[in-house]
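Engineer: So you can see what is in the structure, the chains are spelled out below.
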Amino acid sequence: MAEAGDRAIPTRIAETLDKVGRSAVAGIAEVGLGAVLLWQSIYWIFLGRSREQPLRISATFERCMEVGIRALPIVTMLSVTMGIMFAIQGIYTLRVFGAEEQVTIGLGISIVREFGPLLTGIMVAGRTGSSLAARLGTMRISQEVDALEVMGINPVRFLVAPALIAMMVMVPLLTLWADIMMLIGAGWYVTVDLGMSFAAYTDRLLEVIELNDVLHGLSKAALFSILITLVGVINGASVTGGAEGVGRMTTRSVVLSISAIIVTDMIFAFITTRS
Amino acid sequence: MSEQAEKPEDRERPDLTDAPAVIEVKKLVTHYGTRKILKGIDLTVREGEIMVIMGGSGSGKSTLLNTLLGLLRPTSGNVHILGEDLTQISQVEKTRLRRKIGVAFQGGALFGSLNVLENIMLPLREHTKLDVNTMRIMARLKMQVVNLSGFEHLMPSELSGGMTKRAAFARAVVMDPRILFCDEPSAGLDPIVASAIDDLILNLRDAMGMSVVVVTHELESAFRIADRICVLDKGGILMTGTVDEIRSSDNERIQNLLNRRTETETLDPEEYLKRLTAAND
Numbered sequence: 001m002a003e004a005g006d007r008a009i010p011t012r013i014a015e016t017l018d019k020v021g022r023s024a025v026a027g028i029a030e031v032g033l034g035a036v037l038l039w040q041s042i043y044w045i046f047l048g049r050s051r052e053q054p055l056r057i058s059a060t061f062e063r064c065m066e067v068g069i070r071a072l073p074i075v076t077m078l079s080v081t082m083g084i085m086f087a088i089q090g091i092y093t094l095r096v097f098g099a100e101e102q103v104t105i106g107l108g109i110s111i112v113r114e115f116g117p118l119l120t121g122i123m124v125a126g127r128t129g130s131s132l133a134a135r136l137g138t139m140r141i142s143q144e145v146d147a148l149e150v151m152g153i154n155p156v157r158f159l160v161a162p163a164l165i166a167m168m169v170m171v172p173l174l175t176l177w178a179d180i181m182m183l184i185g186a187g188w189y190v191t192v193d194l195g196m197s198f199a200a201y202t203d204r205l206l207e208v209i210e211l212n213d214v215l216h217g218l219s220k221a222a223l224f225s226i227l228i229t230l231v232g233v234i235n236g237a238s239v240t241g242g243a244e245g246v247g248r249m250t251t252r253s254v255v256l257s258i259s260a261i262i263v264t265d266m267i268f269a270f271i272t273t274r275s
Numbered sequence: 276m277s278e279q280a281e282k283p284e285d286r287e288r289p290d291l292t293d294a295p296a297v298i299e300v301k302k303l304v305t306h307y308g309t310r311k312i313l314k315g316i317d318l319t320v321r322e323g324e325i326m327v328i329m330g331g332s333g334s335g336k337s338t339l340l341n342t343l344l345g346l347l348r349p350t351s352g353n354v355h356i357l358g359e360d361l362t363q364i365s366q367v368e369k370t371r372l373r374r375k376i377g378v379a380f381q382g383g384a385l386f387g388s389l390n391v392l393e394n395i396m397l398p399l400r401e402h403t404k405l406d407v408n409t410m411r412i413m414a415r416l417k418m419q420v421v422n423l424s425g426f427e428h429l430m431p432s433e434l435s436g437g438m439t440k441r442a443a444f445a446r447a448v449v450m451d452p453r454i455l456f457c458d459e460p461s462a463g464l465d466p467i468v469a470s471a472i473d474d475l476i477l478n479l480r481d482a483m484g485m486s487v488v489v490v491t492h493e494l495e496s497a498f499r500i501a502d503r504i505c506v507l508d509k510g511g512i513l514m515t516g517t518v519d520e521i522r523s524s525d526n527e528r529i530q531n532l533l534n535r536r537t538e539t540e541t542l543d544p545e546e547y548l549k550r551l552t553a554a555n556d
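Residue numbers (my numbering), protein chains in the order written: chain A, 1 to 275; chain B, 276 to 556.
If you are wondering where the hints come from, they were derived from the structure by calculation, not from laboratory data. Some clues are possibly wrong.
Just some of the chain B residues that point at chain A, by a computed CB distance under 8 Å [stated by the list, open to error]:
(1) Tyr-307
(2) Arg-374
(3) Gly-382
(4) Ala-384
(5) Pro-398
(6) His-402
(7) Phe-426
(8) Arg-535
Note that beta-carbon positions come from the ideal geometry of N, C-alpha and C, so glycine has one too.
Take these sequences, add in the hints, and give me the full structure.
Structural biologist: Shown next as structure tokens:
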């Protein structure tokens, strides 16, 4: 019995190492696939016309509507709420030092540089990234992607490129909108709680927020948009096993997108604050 | 069972012995991972011919179709479609070649976000510079051929199984392809609709002079439409011949397939397990 147990330990270690190795290889393969998809999308966006397969402009506008315009109500509502919440927490924390008047500095910089892009990225990942993965997954299991290929229509040009452009244009714009809405929400609470006028609050914001802070946030938003698109496409294209597979990969897409956004955000913040 | 299906000889079949080959497959081997699925397939389809590829589940017929369509890369061997070797040509040449073939998928593979007319017009939109009105006229003509006039503005989710297949056929032939591939055209349809789909395939061949490759496991349909039948089993070809030659074959496995004798009666459990887990040999 003991001998059998002794033999089982190396086997279990080997199995664990095997699993870790396979997962690592699969992860690297997915990163590679993402790079290929990005390259192919750029290729079709710029060179599609010369290959008689131009970018589908109407589909790109349709995607823009889906990613940006239709997301406005939820982004607005959550941004205003988050802005109020940041103001509540900021004032509460600074009151310990008797410095609650300085809350505007913290709010302005943290919202524009950090929370605006992050919140928008997470909302877009949950809303648009999941729908992209589900749509592609369903198209894959119903052989629509195969149909495109055998019709001589490149699926990356037809499906991925319009989504990528729409995301890269609309996510930074949504972020800008979310920044403004958060600052308005926070401003409303600050004026109520501290008795500061809204004009004074706005003047203070304009003093502390620099163009670089806004660009920092928007660059991150553009980066997040690429990540969300690629993760959604990779997961959608990997669907197997019918409706259950679509559900599984959609969930995976949302989890991976949000994880990728947070990790990238941290790396981006680290690199840009060193220089 | 209809009279026509019982007597395939009722239909006059053209003599295509001297017709040029549009598809030539030589020593084709395909793997899924380490599993060998196709084990050296040799097949020729002639111009104007309806070739039916038959076989039981797991015989490799879908893999063969996907390889012929260039969706799967073979491990070895050659696939010549209209004189071009699929295994050698560049992606651009493959795209150009694909404009000369049409495919009707098993489930239709119509795009859910486009209505029937837009689905059928899609290949024209993507590959031609025709104006929209001309494309609409061409798509409507094809809808007439498949008996789907009047359903232009329905979405794919609003179509019945038979209508979906008809729409898929219309899309597949809208560019007037030289070869039409059909994956299980009558699967999941009631006998009357299935028979109408068989008529449609015959009409399309006769009207447009295209070669047709049909993958099916429906015997009745196969005997009705085929000029020749290729029977696959375990990734290899058991026999290729005319309907009469297949019917009169004394090969036990072919007779099992024709008489719908289940494999469990004839298959040793050990052999079956070996087939399920077969690795590359």
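Engineer: Less than 8 Å between beta-carbons is the criterion; does Gly-382 of chain B satisfy it with respect to chain A?
Structural biologist: Holds - the Cβ of Gly-382 of chain B comes within 8 Å of chain A, reaching about 6 Å at its closest.
Engineer: With a cut-off of 8 Å, does the beta carbon of Phe-426 of chain B approach a beta carbon of chain A closely enough for the hint to hold?
Structural biologist: 19 Å, violated
Engineer: So, as I understand it, the hint says Arg-374 of chain B touches chain A; can you test that by seeing if any CB pair is closer than 8 Å?
Structural biologist: 5 Å, holds
Engineer: Using Cβ atoms only, decide whether Pro-398 of chain B comes closer than 8 Å to chain A, and label the hint accordingly.
Structural biologist: 5 Å, holds
Engineer: Have a go at the His-402 of chain B hint: is there a Cβ in chain A nearer than 8 Å to its own Cβ?
Structural biologist: 7 Å, holds
Engineer: Close enough to count: is the Cβ of Ala-384 of chain B nearer than 8 Å to one in chain A?
Structural biologist: 4 Å, holds
Engineer: Less than 8 Å between beta-carbons is the criterion; does Tyr-307 of chain B satisfy it with respect to chain A?
Structural biologist: It is violated, given that the least Cβ distance between Tyr-307 of chain B and chain A is near 12 Å, above 8 Å.
Engineer: Taking the closest Cβ pair, is Arg-535 of chain B under 8 Å from chain A?
Structural biologist: Violated. Min distance 28 Å.
Consistency note: the structure conflicts with the earlier hints numbered 1, 7, 8.
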